[in-house]
Amino acid sequence: MSEAISEQSYEMGEAVLGQSFVSYTNYNFENSALELARCQWSNYADQHYLKGCKWSPDGTCLLTVVRGAGMHVMELPTDLYSGDTIMNSRPIVALSPAVSVPESGLIYDYCWYPGMNSANPATCCWLSSGHEGPIHLWDAFTGNLRCSYRGYNSVDELEAAISVTFSADGQNIFCGYKKNVKIFSTGRPGREYFEYATTHPASCLVTSQAQPGVVAIGKRFLF
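Just so you know, we're using my numbering here: the sequence shown kicks off at 94 and counts up by one.
Some hints here could point you the wrong way.
Derived CB-CB ranges, DEER-like [unchecked claim]:
#: 1; residue 1: Lys271; residue 2: Leu143; range: 37 to 43 Å
#: 2; residue 1: Ile185; residue 2: Gly283; range: 28 to 34 Å
#: 3; residue 1: His293; residue 2: Asp172; range: 44 to 50 Å
#: 4; residue 1: Ser301; residue 2: Pro184; range: 37 to 43 Å
#: 5; residue 1: Ala303; residue 2: Ala212; range: 35 to 41 Å
#: 6; residue 1: Val186; residue 2: Asn246; range: 44 to 50 Å
#: 7; residue 1: Thr171; residue 2: Gly311; range: 21 to 27 Å
#: 8; residue 1: Glu250; residue 2: Cys297; range: 21 to 27 Å
#: 9; residue 1: Asp172; residue 2: Lys147; range: 33 to 39 Å
The set of hints was computed from the structure by calculation and includes no laboratory data. Note that this is a predicted model, so its numbers are computed, not measured. For every residue, glycine included, the Cβ atom is placed at its ideal position computed from N, Cα and C.
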């Protein structure tokens, strides 16, 4: 198991080293928005609703979290890959999950692997952290659990991370907890990590795309 994970992590790392993550987006607000696709969940008895969605780094799919219905990967309609001009008469495509992970508990945070590229299955994965559980690394092709990263508190009890994010090069995982930030090595799942104390819960994290070792921490103040 550990050898397979190490080999997979090496492939992930090799893929990331060959890419550049520093990019600048040009926005054009002259044209009106055009709906291309949609996916809906019933929000009556089960009260399902979207808690968020994130584009994959390669732009081929969306990762969504739905209250009470887990996590889902939606693939972009293939006709949009052509680069042709999109007509206003284009029908709206009904999206259905390509991969689903039926996590029924509360999902605190989630993020894509930064070097994710659909042409390289080893890089297609995402992290999630949920209520009273470890951090999980999920396979975006199969929905299977690849491995877990476990953080513990001062009395050696398993503690859930409030926030999670990869370093820009994908080599490390930064995790925010109630009283500290823990840093895991992506290639070493389990409970090995560095820990840095914080005065307040680290409710959100973001890493620098230009400097993989730099991370900004947003703290939640409790009164």
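Here is how each hint holds up against the structure:
1. Lys271 / Leu143: 37 to 43 Å: violated, 26 Å
2. Ile185 / Gly283: 28 to 34 Å: violated, 45 Å
3. His293 / Asp172: 44 to 50 Å: holds, 47 Å
4. Ser301 / Pro184: 37 to 43 Å: holds, 41 Å
5. Ala303 / Ala212: 35 to 41 Å: violated, 25 Å
6. Val186 / Asn246: 44 to 50 Å: holds, 46 Å
7. Thr171 / Gly311: 21 to 27 Å: About 37 Å separates the Cβ atoms of Thr171 and Gly311, which means 21 to 27 Å is violated.
8. Glu250 / Cys297: 21 to 27 Å: holds, 23 Å
9. Asp172 / Lys147: 33 to 39 Å: Violated, since Asp172 and Lys147 (Cβ atoms, about 22 Å apart) do not stay within the stated range.
The structure shown violates the earlier hints numbered 1, 2, 5, 7, 9.
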